[in-house]
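A.B. asks: Sequence:
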Amino acid sequence: MSEKKYLITSALPYANGPLHLGHLSGAYLPADIYVRYLRLLGKDVVWVCGSDEHGAAITIRAKKEGISPKEIIDKYHELNKSSFERLGISFDHYHRTSAQLHHETAQEFFTKLYEKGDEFEEQSIDQYYDEGFDQFLADRYIVGTCPRCGHDEAYGDQCENCGSDLSPTELINPRSTLSGKSPVLRTTKHWYFKLNKHEDWLRQWIDEGQLDGVQHHDAKEWKKHVVGQCLSWLDNGLQPRAITRDLSWGIPVPVEGGAGKVLYVWFDAPIGYISSTKQWALDNGKDWEAYWKGDDVELIHFIGKDNIVFHCIVFPAMLKAYGDFALPKNVPANQFLNFEGQKFSKSRGWGIEQHKYLEEFADFPNKEDALRYTLIRNLPENKDSDFRWDDFEDHHDKELVGNLGNFLNRVVVLTNKYYEGVIPSPTNIPTDKLAEAYQIAQRISSEVETFGFKAAILSLMELSSWGNTYLQDVSPWKIWKTDPESEKIKECMFVCAQVVGLLSILSEPFLPFTAPKIRRILNLGSTENGDLAVVLAKAKANEAIIEAGHQMNKPELLFAQINDRKDHSRKEIVDRQRAKLEAILAQEKANEREPIKDTIQFDDFTKLDLRTGTITAAEKIPKAKKLLKLTVDLGIEERTVVSGIAAFFKAEEVVGTQVVLVANLAPRKLRGVESQGMILMAENEKGELGFVSPQEGMGNGFVVK
RNA sequence: AGCGAUAUAGCUUAAUUGGCAAAGCACUGGUCUCAUAAGCCAGAAGUUGAAAGUUCGAUUCUUUCUAUCGCCA
33 MSEKKYLITS ALPYANGPLH LGHLSGAYLP ADIYVRYLRL LGKDVVWVCG SDEHGAAITI
93 RAKKEGISPK EIIDKYHELN KSSFERLGIS FDHYHRTSAQ LHHETAQEFF TKLYEKGDEF
153 EEQSIDQYYD EGFDQFLADR YIVGTCPRCG HDEAYGDQCE NCGSDLSPTE LINPRSTLSG
213 KSPVLRTTKH WYFKLNKHED WLRQWIDEGQ LDGVQHHDAK EWKKHVVGQC LSWLDNGLQP
273 RAITRDLSWG IPVPVEGGAG KVLYVWFDAP IGYISSTKQW ALDNGKDWEA YWKGDDVELI
333 HFIGKDNIVF HCIVFPAMLK AYGDFALPKN VPANQFLNFE GQKFSKSRGW GIEQHKYLEE
393 FADFPNKEDA LRYTLIRNLP ENKDSDFRWD DFEDHHDKEL VGNLGNFLNR VVVLTNKYYE
453 GVIPSPTNIP TDKLAEAYQI AQRISSEVET FGFKAAILSL MELSSWGNTY LQDVSPWKIW
513 KTDPESEKIK ECMFVCAQVV GLLSILSEPF LPFTAPKIRR ILNLGSTENG DLAVVLAKAK
573 ANEAIIEAGH QMNKPELLFA QINDRKDHSR KEIVDRQRAK LEAILAQEKA NEREPIKDTI
633 QFDDFTKLDL RTGTITAAEK IPKAKKLLKL TVDLGIEERT VVSGIAAFFK AEEVVGTQVV
693 LVANLAPRKL RGVESQGMIL MAENEKGELG FVSPQEGMGN GFVVK
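Under the numbering used here, think of the first position of the first sequence as 33, with each following residue one higher.
Fair warning: there could be bad hints in the mix.
Listed next, the in silico PhoX-like pairs over lysine-lysine satisfying Cα-Cα at most 25 Å (straight line) [as the list claims (entries may be wrong)]:
id : residue 1 : residue 2
1  : K388      : K612
2  : K144      : K318
3  : K318      : K36
4  : K549      : K510
What follows is a list of derived Cβ distance ranges for each label pair [what the hints assert, rightly or not]:
id : residue 1 : residue 2 : range
5  : L263      : E579      : 28 to 34 Å
6  : D395      : A291      : 53 to 59 Å
7  : G317      : N574      : 38 to 44 Å
By construction, these hints were calculated from the structure, which means they are not laboratory data. Backbone N, C-alpha and C fix where the C-beta goes; we use that ideal spot for every residue, glycine too.
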């Protein structure tokens, strides 16, 4: 058996918009950690991804914007590709499904299944067609009146009012969401992939990890939500799935009768993993099939939870139907990331996109790893999680600066101070201490291997925290005062050097921008593929990672605190993000104003006698939380007014304020004080009050009209 | 509506097959001075979403709810 080959895929992003942090933390950042780790171990690994560029959504958007589909995909392919690169997402190849190679690959795949004879079936169906837009309509693009509950905005597949499942032909008065017109029924023929045929082996494969009577993977290692959802699908029974569409944008159906039809985007997209691998192999003089076929292939799909059935049922069935292909060993699907407690929403502007982050944090030092760290710390591995700027600040300052950065700095400063930067050679190496640190390193390794990235990065912090505690326990600076030649200092600094050495390589998968800086400070040279295998072997044998006598460089800071007492620039960058969100919320609230009341006649208005006035005295009314007793000068007379503004204004603040008074309001006793009029106030969405005041200098007692 | 997953300290999360419910942050107190107002020590903090059941024993198993997200779409 040859060496194991790792083929890692990340969900192909749909090229009709920019990706946000939620996407990043779902399928790309975890994969990046895993792949970087495998590379460091010297494994034969290839990681492929690319833009998914077909489908009706892109053509519809193009039509609405009056540009070509190609303009859209070109724009977002480039944008997403470069954002990934700038955040250190280290794909081996980022392909695109509009590429000729992909078209050929997908067509060949389709043809092969077609020629097998019993994988596909043809069905003619009546489908709604939008004559204005010249295209068949997917169920979701048709709305009409629900035949069950009468709701008039029911979709072609479901009524969201009563929840019943519908088919488009059931809708009363159907209309196209594209043109708004009534669609017409047309008969069309499509090819269906007979998924139902594959039900039995899929169940055994998912439930027990057995494939063709052989143990393929350990089913218990798959995430619960992944297995659960697949079994639920299988329990409901699989149905043949349409894999073609009537569209002009996409991959032409390459068999007789396929004119004017394209492959359904969900059929063609996962084949993109294959074509991406092919392109990578061409560019690098490799054999793509070695990574897709054979017993020694370890295929892992990184995806979000919305893609589970496609990667665990549909695509495996396609691969098995084709023959020869390896099936995924695991599909560690992540759940979703929320943003400050709410779902990412492009239309609301809620959340932050990758390229926006890079733009807006341009002046933030080590912005890539600062972001990566918080996202990893908070990955939605088993349930939805939340990105918060408070966490971003805390994790950055407390963990990256205070723990990791600070420990490195302490070690480098002390080593430079005591030994001119040369790692000392103690007579006796404290192997028990080394073993403690090495144990944490081994744990990080096994956590990454089991896709526990959140646990792994916490263990990484535990390693530097262990170093901080150890340094504190020995306190070499105390010993130094009386005995600078002490063996204890040498031992301590030797052990600490090993710990920072570990950190310089173990941090690389998580913090690829920081790790090289640590290496440079330690004068270690950049890491090469396979280095981690050597380090872990040494750790296992309890040997030194950096030899005594090694010369390190001068100290340098890795991270700059956000909450810096002198330099507020980083805090301001983060605070701007918070302000943006508050503005969105305020705007949304503001849009929810009270409706305008019923129309009144002019005579109704003239019944009011509104007068300008000035508050000349104010006192709080005892035992009343909200009430102030005010004296208002109306020029011709003085009024006593009781006003419920004490929650917002102190008595002494309001004296001198110019106000408008309803002067002919019938007097009323409040808390035993007669109130002779009412001061006009405006109330905002938070229930806060503000005076409605005449322009400065307006005298008292004049009529407001 | 159905199915799946999730719900644990103020917050974010742990807890191998049922066996004393952990950790980080935040908070409180103490302490060190090598270090970026960093570090270290200690403390307080819980009706494990609700209710019932099985069990000597339930965060864990069963049932019924509730909430959130996803799938079906």
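A.B. asks: Now tell me if each hint is right for this structure.
C.D. replies: For each hint, the structure was consulted:
| no. | hint | result |
| --- | --- | --- |
| 1 | K388 - K612 | holds (13 Å) |
| 2 | K144 - K318 | holds (24 Å) |
| 3 | K318 - K36 | holds (15 Å) |
| 4 | K549 - K510 | violated (30 Å) |
| 5 | L263 - E579: 28 to 34 Å | violated (54 Å) |
| 6 | D395 - A291: 53 to 59 Å | holds (55 Å) |
| 7 | G317 - N574: 38 to 44 Å | holds (41 Å) |
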